[in-house]
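Chemist: We have chain H; now place chain Y onto it with these hints.
There are 2 protein chains.
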Amino acid sequence: MGKWVYLFKEGNANMRELLGGKGANLAEMTNLGMPIPQGFTVTTEACTDYYKQDKKISEEIQKQIFEALRWLEEENGKKFGDNEDPLLVSVRSGARASMPGMMDTILNLGLNDTAVEGLAKKTGNPRFAYDSYRRFIQMFSDVVMEVPKSFFEKVIDEVKEARGVTYDIELTADDMLELIRRFKEVYKKHMGGQDFPQEPQEQLIEAVKAVFRSWDNPRAISYRRMNDIPGDWGTAVNVQTMVFGNMGESSGTGVAFTRNPATGEKGIFGEYLINAQGEDVVAGVRTPQPISKLEEDLPDCYAQFMHLAMNLEKHYRDMQDMEFTIQEGKLYFLQTRNGKRTAPAAIKIACDLVDEGMISEKEAVCRIEAKSLDQLLHRTFDPKALEEGEVIGSALPASPGAAAGKVYFTAEDARNHHAQGERVVLVRLETSAEDIEGMHAAEGILTVRGGMTSHAAVVARGMGTCCVSGCGEIKINEEEKTFTLGGHTYHEGDYISLDGSTGNIYDGDLPTVPASVGGYFGRVMGWADKYRKLQIRTNSDTPVDTENAVRLGAEGIGLCRTEHMFFADDRIFKIRRMILSDTLEEREAALSELIPFQKEDFKAMYKALRGRPMTVRYIDPPLHEFVPTDPEDIEKLAAEMGLSVEEVKSRCDELHEFNPMMGHRGCRLTITYPEIARMQTRALMEAAIEVKEEDMYDIVPEIMIPLVGDAKELEFVRNVVVEVAEKVKKERNSYINYHVGTMIEVPRAALLAGEIAEVADFFSFGTNDLTQMTFGFSRDDAGKFLESYYANKIYESDPFAKLDQKGVGKLIKMAVEQGREKNPGLKLGICGEHGGDPSSVEFCHKIGLNYVSCSPYRVPIARLAAAQAAINNPGRI
Amino acid sequence: MGKWVYLFKEGNANMRELLGGKGANLAEMTNLGMPIPQGFTVTTEACTDYYKQDKKISEEIQKQIFEALRWLEEENGKKFGDNEDPLLVSVRSGARASMPGMMDTILNLGLNDTAVEGLAKKTGNPRFAYDSYRRFIQMFSDVVMEVPKSFFEKVIDEVKEARGVTYDIELTADDMLELIRRFKEVYKKHMGGQDFPQEPQEQLIEAVKAVFRSWDNPRAISYRRMNDIPGDWGTAVNVQTMVFGNMGESSGTGVAFTRNPATGEKGIFGEYLINAQGEDVVAGVRTPQPISKLEEDLPDCYAQFMHLAMNLEKHYRDMQDMEFTIQEGKLYFLQTRNGKRTAPAAIKIACDLVDEGMISEKEAVCRIEAKSLDQLLHRTFDPKALEEGEVIGSALPASPGAAAGKVYFTAEDARNHHAQGERVVLVRLETSAEDIEGMHAAEGILTVRGGMTSHAAVVARGMGTCCVSGCGEIKINEEEKTFTLGGHTYHEGDYISLDGSTGNIYDGDLPTVPASVGGYFGRVMGWADKYRKLQIRTNSDTPVDTENAVRLGAEGIGLCRTEHMFFADDRIFKIRRMILSDTLEEREAALSELIPFQKEDFKAMYKALRGRPMTVRYIDPPLHEFVPTDPEDIEKLAAEMGLSVEEVKSRCDELHEFNPMMGHRGCRLTITYPEIARMQTRALMEAAIEVKEEDMYDIVPEIMIPLVGDAKELEFVRNVVVEVAEKVKKERNSYINYHVGTMIEVPRAALLAGEIAEVADFFSFGTNDLTQMTFGFSRDDAGKFLESYYANKIYESDPFAKLDQKGVGKLIKMAVEQGREKNPGLKLGICGEHGGDPSSVEFCHKIGLNYVSCSPYRVPIARLAAAQAAINNPGRI
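Chains as they are written, first to last, in the working numbering: chain H, 492 to 1368; chain Y, 492 to 1368.
Chain H on its own, in the form it takes in the complex (with noise of 0.2 angstroms):
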């Protein structure tokens, strides 16, 4: 049968799972003693149970909280429905994590149209009685029953009106009574004939299904998917006695944190309101005081509860967030809870802690959530022209930070205003390859289609350019060079603003301010290195980029795209000469001239990790994307060649593939033309061995082999490559060792892992691609179903974001063990997305990876996460 129901005194703080966290929490506060109203948890297994039962509650639960509900009256001497003085309850959700205002409350259940005399008389307040009844009315419709609250609304304006009055808190009792009437004809109507329940019992068990209902509503599954919380967990239904703030003077309620959730600065912040209930402070009608106004209202009140406060902060050894409510001169605490702050916060509150001496550095590093970092490495807005600036529109927060700029509409208009010392937003319906310049030259980039995982948002994570995309309202004509959003019509040069933290976009030029990293930043990193297994790479093109992520602690470049090098101006010619030419000669004629610019490049990024390794992975695009398709172009490039425009039109169409991603790219180029690995080859050693003799450093070239699927690919690459390494070994006259790896990105890659580990130095695991294919659908197409998945609750959470270890997860587990077991000295990382994502961090350590590779402004938020898994994860050596 099982135990489905814990009074508070039954419980503690380590049953979170079961009684969730407020429920362990209030458990934990009526062990300490402190003042709180009495009451009972149903548990998470309940809600999980009800789901089960095909949305039922099992008579044995009923029966459990019938019976809790028994001492419940016993404890406070009190009856439910009781004529005389009735017991009233609040019913809360409380979630194992803190789903904050995603779930449902309703108060002052318990009252009918009898009770409601009996706490009249009772009390001696019978507009207080009349308006809690009226309260539950509605809340009891609008949560348990789906009555819109507008109806309810609509007939509060009538009396009003009728009355003559502005605010609630001018109608009468006699007022209240007609509200009573007619709310209840409203819940008549709408409920096709039924009374409003008036027995109590039934109250509450319609009110625990409306709870556990409430787990699954859109905004609810939305917020779990943002923050990684899984939809079997199940929420927990506290119901607790009754206690007002509302009954005079001498009662009140407030919010107060045990340090300020914004700064982190130590010392009581938070507000009350006298004689009020918590819903007036949400409804904004009166202006709450500050907490440290109830010392004159209500001294005793005020000394007990900052004793209290600071008693609790001590008991959980972190900052607090409180709820408590003062009847009649009494205080009571309703909730207690590690409080949410901001980025900067966190971390001054967990070096403060660990000074005080309440936390270790290993739990201040696992205080602070990994991806609130991303808060703190990016420009902002200046906080107040952003209550100022007007919003146009809303899409996805591709890239954080915050941009304003001149808009643009094509790449080369965005490089060249650049040029001319212009601040530039590029707007696009989609980027490609052929953008990253302009990209590049860009403060911020808007897009109207494409995903958090579109080409423009990955580009723009990676370059730390704050980017919102996906935004379908837009109108754009690409022609005039015009766009119409939120009713304006932007022409080219016109200002906008853009968040690339929440998505927002904004009219005209937001003034923005860079970001500070204080010193607790570097304290609370410093510690994260201390702790970790996982070493942390950084996926880079540039040497601008390499720095950046260097000073953001990277300690090499897991990932490094050379196609990206191939875009720029000057060689972008020479490699579509290759692409178009019909020989082997040709072709390598026109490689042989883009060596030296290649080396160049490697050199620069050679010289800015200054010493650190760097994983090369030759070229992956499929070749189409580096064809023109611009009629200029095609033109100019044709009269380049010698060839007729026609010619060249129908050896770009020859390459038009239908699934670009499934096609002739990655390693399966070198195949066909090894002619491109040959001259990558030459240019990458010829480029370590200068920079090592120059520079002194000890460097190791790691080449990585994309898409590869079979041993043998792996095998006839690396011998192209060994072969040219070893030729330039013996005319540079050096010794330099070097590795040749691949990427494990085909879901048959991982499957043959064991016979691929016999001819790799490394494996990196590409869980973008390996993501898509093991899924079998595109990150670029997936837009068109994955919010119905979402919606069905099919998947909680994008593929593409967080690693999906069941099944992606699986076949690294596989590969990881093969590849170790025939190549014990295998090194093994990873370099899709994941690579920033904390949990697939987590995953990554606790499978026993090398490294991790990820964007350079998520270098931090691996570096703690990474810190935070080895804390969680003690086992792995």
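Hints listed in this document are in silico derivations from the structure and should not be mistaken for laboratory results. Just so we're clear, the structure is a prediction, and the values are computed from it rather than from any experiment. Mixed in with the good hints there might be a few duds.
Now the stretches of chain Y that chain H is said to cover, found in silico as 3 or more residues with beta-carbon under 8 angstroms [said to hold, decoys possible]:
{"hint": "1", "stretch": "877-885"}
{"hint": "2", "stretch": "1260-1266"}
{"hint": "3", "stretch": "1298-1306"}
Below, a list of computed lysine-lysine pairs in the DSSO-like style, where the Cα atoms sit at most 30 angstroms apart [to be verified]:
{"hint": "4", "chain 1": "H", "residue 1": "K1183", "chain 2": "H", "residue 2": "K1218"}
{"hint": "5", "chain 1": "H", "residue 1": "K1337", "chain 2": "H", "residue 2": "K1297"}
{"hint": "6", "chain 1": "H", "residue 1": "K1203", "chain 2": "Y", "residue 2": "K546"}
{"hint": "7", "chain 1": "Y", "residue 1": "K1337", "chain 2": "Y", "residue 2": "K1021"}
{"hint": "8", "chain 1": "Y", "residue 1": "K1293", "chain 2": "Y", "residue 2": "K862"}
{"hint": "9", "chain 1": "Y", "residue 1": "K1304", "chain 2": "H", "residue 2": "K1140"}
{"hint": "10", "chain 1": "Y", "residue 1": "K862", "chain 2": "H", "residue 2": "K1293"}
{"hint": "11", "chain 1": "Y", "residue 1": "K862", "chain 2": "H", "residue 2": "K1313"}
{"hint": "12", "chain 1": "Y", "residue 1": "K1337", "chain 2": "H", "residue 2": "K1297"}
{"hint": "13", "chain 1": "H", "residue 1": "K1337", "chain 2": "Y", "residue 2": "K862"}
{"hint": "14", "chain 1": "Y", "residue 1": "K1218", "chain 2": "H", "residue 2": "K700"}
Built from N, CA and C at the ideal position, the CB exists for glycine as well.
Modeler: Just chain Y now, with coordinates in the frame of chain H:
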């Protein structure tokens, strides 16, 4: 150290893996006491070792070769390179499986400038000796040293011209000496000043190396790919004492079969030449005599040959293909092997051998190459007409059969002219789902693009329609409706003929003859059905195909693709209206009009199946495949829907996908638009109930959800299906049963098969998509690089034709094990193209599937392959 070289007398027929087919049979014949020129075999392991040692023959192997050679000298009483009576040998390849003509042979090895004089003296035939030497120089230079043959042919032509003669045979001994002199000059010049090797031991080792090398020549690689022969087997080398059929009128050489390889008729079938070497038979200078003529020429030899040939057939219990040479009245067998034969011959021989008591039914079943049955089931060209026909081009033999008809360039034209009674050949750049009806109307299909698994190829094989695909040489002008090939230009209405079994394209209207499937076929199929464990189903979407498949032995439908039903004229508009609708109501309205059509389709299918089961796959392709691209169609649709052309176009554009293969398709469609699944379920259930009642068949609809990658996806769609199905049952007052299962075609589905099995009644492995996603390349795009992969020995076969057991097969096995573990009643099958490939069928048998499903014309192949798998793998229950 190991044993690398075996004398013939040391081996036997069971040592085929080590000695190759030829070597094992020479050993066996030696043991049988037959007249065999003695020799030895260098093993296949030595070949593998040669490749492992970076193309070197180890000291040890060379030592063993020379030891064997010494034995051979003693045996023959002749010395290698002797001045008086030199030992001459032939050096021939011999792999485990017969690969006729694929690898190299060198005759007369052991001759040099002095030994040739000995031979001349000993035989008293200087011309013979010099001719043998010049042939050896020519062969050795070509095969071993890669000096082009043409250089030598040019010399022969020059000498003949100088002597004023026409035929080689007219050249004198002195002319031969002149040839020898000049051949050696050619050799020296081409070999950078090196003389022709005079040391016979050096000649031998170089020749052995050349044979090893020839294992990896391009034509051998390609032959292996076509015949499923693994590249790591290697070839053995047979070194055998030369015998000469060209030593006068009592000498000769010939080839014979114990039964007719074309018809299977019993009786010696072969031909020979008096006073000739094997080469001369091939050169076609003289016309060979039928073997019966030998009785007149050399009656003793004939009698001995007949006796031994019959003994060989009895010994091997199969039809033999033998080579023999008669040297001065003495008969030698040079080779015997099981003879290659046509499919009709194979079937007749198998039946005859059973009737003659030589083999069992099981052996008979295993004697027929399953793939070859393809030849029996399609129309073929009249062989005489074929000889006279002009081949204008050649491309991939995508779907077997012969077709002749008038050329049309659009599906619509093809259909219209077919309706007027014309025989039609559809010529397209490539085909798409819209062309289905035109393809149905055509006798044959010719495409410019696409490989063996392109849309055209797959659909044509399914229909049993002849198809030649990927003819890149065609210059097509779709607007003017003409194409050019092989110097001809064809206009609409001109005749061409296609041979889908060879890939040849002929000018004009060649007459065809229907397939004649005699009683032998039925008898063999009967045995196959008796021994196989796998059920054989078919992939079929139309009643005509279904009836055909049932006639060919299909036990049900394993894959009925419902979307093919949407393309007919009377439906496509409705489906387009559904797609372009904005609201659920509009979509439901459009879909409800489709129900009667789809229901009638299902009813017709069930009636054609006469009680056999059918697995119906719900809509799979992305919606953009259904929308019009033709401007006229767009206008029409806009008019009919009351929308502007712009609106229709823009809605169609929105459906664009970057990677349609990995886009919004399969169950993803049903999750975003559950109304489609509702429509299909209603149509199917109503059809099943009606046919069940009308015809009293025991129908259990099998509903298959495509592209599932997560148990929750299937659960969601299953709930939609069950809801409608139960509703229909209630409406119709029916107790019909039904199953809901899924395709396993996304790697993640295989990885998580255990979870999925808990909500599935059956799995069907969609190995086409599973192969694409596991390898990470699309079959439409792979053509660009697969040839390089074969050439570089990275892949040995097309993974879309032959299941990749190592990679994709690993996923399938995993899914079978996990699926059965969680749901022991799970039914398992396969419905990709691989269902008709014999080696893949064997794999399916071994891992314990319940059925395979393939295109109708492959059903007999699958039946036979399944029987062979069961006989060869008796372990499975």
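Chemist: Tell me, in ascending order, the numbers of any earlier hints that this structure violates.
Modeler: 1, 9, 10, 11, 13
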